[in-house]
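Protein sequence lines correspond, in order, to chains A and B.
All residue numbers for the first sequence refer to numbering that gives the first Met the number 0, where the first residue is 0 and numbers rise by one.
All residue numbers for the second sequence refer to numbering that gives the first Met the number 0, where the first residue is 0 and numbers rise by one.
Each statement offered as a hint is correct.
Some, not all, of what chain A presents toward chain B, calculated at C-beta under 10 Å: (1) Leu75; (2) Gly114; (3) Ile146.
Because the hints were derived from the structure by calculation, they are not lab data.
Small disclaimer: the values here were computed from a predicted structure and weren't measured.
Cβ coordinates follow ideal geometry from the N, Cα and C atoms, glycine included.
Each chain, letter by letter, is given below.
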Amino acid sequence: MSDEIVLKTEDLTKHYGGVHALEAADFELKNGEHVAIMGDNGAGKSTFVRQITGVEQRTRGRIWLYGEEVNFAGPLDAREAGIETVFQTLALADDLDVPDNLFLGREMTKWNWLGPFRMLDYKGMRDATVAGLERTAVKIPNIRNTIRNMSGGQRQCVAIARTATFHSRLTIMDEPTAALGVQETAQVENIVRQLKEAGEPLILISHNMRQVMDLVDRIIVFRRGRIVANLGRDETDGQDVVAYITGAKTGAEYEGAA
Amino acid sequence: MSDTSHGTGGLAFDKSKRAWPNEVNIFIALVLIVLIFEALGQLLPYMKGQSMLFDFNSRRDGTILNMARIKIIILQVSIIGIIALGVTQVIITGGIDLSSGSIVGATAMISMSFAQTELVNGNPNPKAIFGPWAMDLPILVPIAVGLGCGLIAGSINGLLIAYTRIPPFIATLGMMVSARGVAKWWSRGNPISFPTDEYAAISNGNLVDGLTFGVFSESWIVTQVFDGQNPAIYFLLLAVLFHFIMKYTVYGKHTYAIGSNEDAARMSGINVAWQKVMVYAIAGMLAGFAAILLTSRNVTAQAGMGFVYELDAIAMAVIGGVSLAGGRGSIIGTVLGAMIFGVIISGFTYLKLDAFYQEMVKGGIIVAAVVLDQWRQRRAALRS
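Using the sequences and the hints given, assemble the complete structure.
Okay, structure coming up:
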């Protein structure tokens, strides 16, 4: 595993009016590393992700991706730079099928001189979808089925399969199993393990302690908009993490932060 | 990886479902409605066994079909059908367009005032709106003016909806009232008449004959099928064009994506605002084109033209399976919905029943179409 830094943020801050949703977050992710972000509701986890992925514009702070400073104007910029996000709200178009969703906003096209009326390359997108699904070992019986007709697990898999299809450089999953049943959760976790084996860096936001302990290398805890702990999985346990989440404990290096 | 096979049980069902698109259901409904009218025609004693769509006694058209009636069925819905093609796209984005009827009215007045002829039977045009400079202009001028008016009105709708984020219902309601005002103000309520022959020929000339340079002038297809049916031909050509655009282009895909999940579309980097502007602008332009056809066909323009066309257009789309929630529906569905409209109107005429019965039944069919669609959706959701 190389020690290359995939993602680094410094003083990343987001205020919504008077609400300090995210305050001075310094964060680092190494190549091949899987990091979990935990914290109570409203602790700033999703806000943190939205700044990195360009969905919102940060109040201040700097972000580096693979050593290069980035300023994303929108989510498409972030995706083009190689950040794939599986959002908490699934961000899938229910009435479209799997290839349509994977390529939404970046369709393979031909006859590009037609501008907005350029032709979709359906065959190219289907082939790339099948290849991407094979790489993540995601099994979806019929990729031409619309998302509406799929189970929750399958939907989540579609969202995750985007990662593999586009050779992303960083995957972010925002509560990927929050709405799933036991079997479907296992299915998604298998894909996460697959990504780990493939050496793909990942940020996982989750409330599920067992899942976090099972899957990641490192746990970052947010509380009231600030990072309060940075824990190696092997140096901690569920009780310990909960103590950080609830505010019973604060990491030594973050004393005075919250 | 033992668990990833989960869900394969749905395979057979998924495939069979794809083979049964909603359009087939709508087509079956269309056939059923035709059959009901045919059956009533046979059963009602005063009909003396006349058939609606068949004409067994006369073979002069070279077919046993009653071509005259079939042509009328398509013709009478084609102008509103053209509007419905645009409305379909708007509804697929999850919006609604209440302004198309009024855009027809305003565009009718404005484009007609650039299509007038200077001399009527040797006398100056009694309905002249402008001076001689606007008389006997090349045919492209009123067409461009008409399409431009529709485009501008539609763009205003789109810009309001996309950038002020007011609900489409309100934005297009405003346009509906204002555009009707423009229609009445343009000539202070006076009708505008006496267009150039070329302008009148847009709807009334023989389009197929013109396009084929008279090669088939004497043939059955020109004299029997397409004679005087220009709005129907434009409708079907535009339907094919927009079917293609909605299904095979980025524009179509993004339109469906916005109606399906606007947030997802935005997060995917689709320029949602601009896409909406385009959709409403195209809907406006189609309403403008409908106005050109309508004024050309009637060789006059009146401020009340297109009154409540928007509701008929919405009804055609809804009967054709376009979901008001957005994301679902198709141009083929809307064309079939328009045909159902046409069959009902013609069917009541054929049964010699008054027009108010038509309206009662039309209303019922609109509601029934949505009820059936929701029932079908629920069943599909339960099975998956």
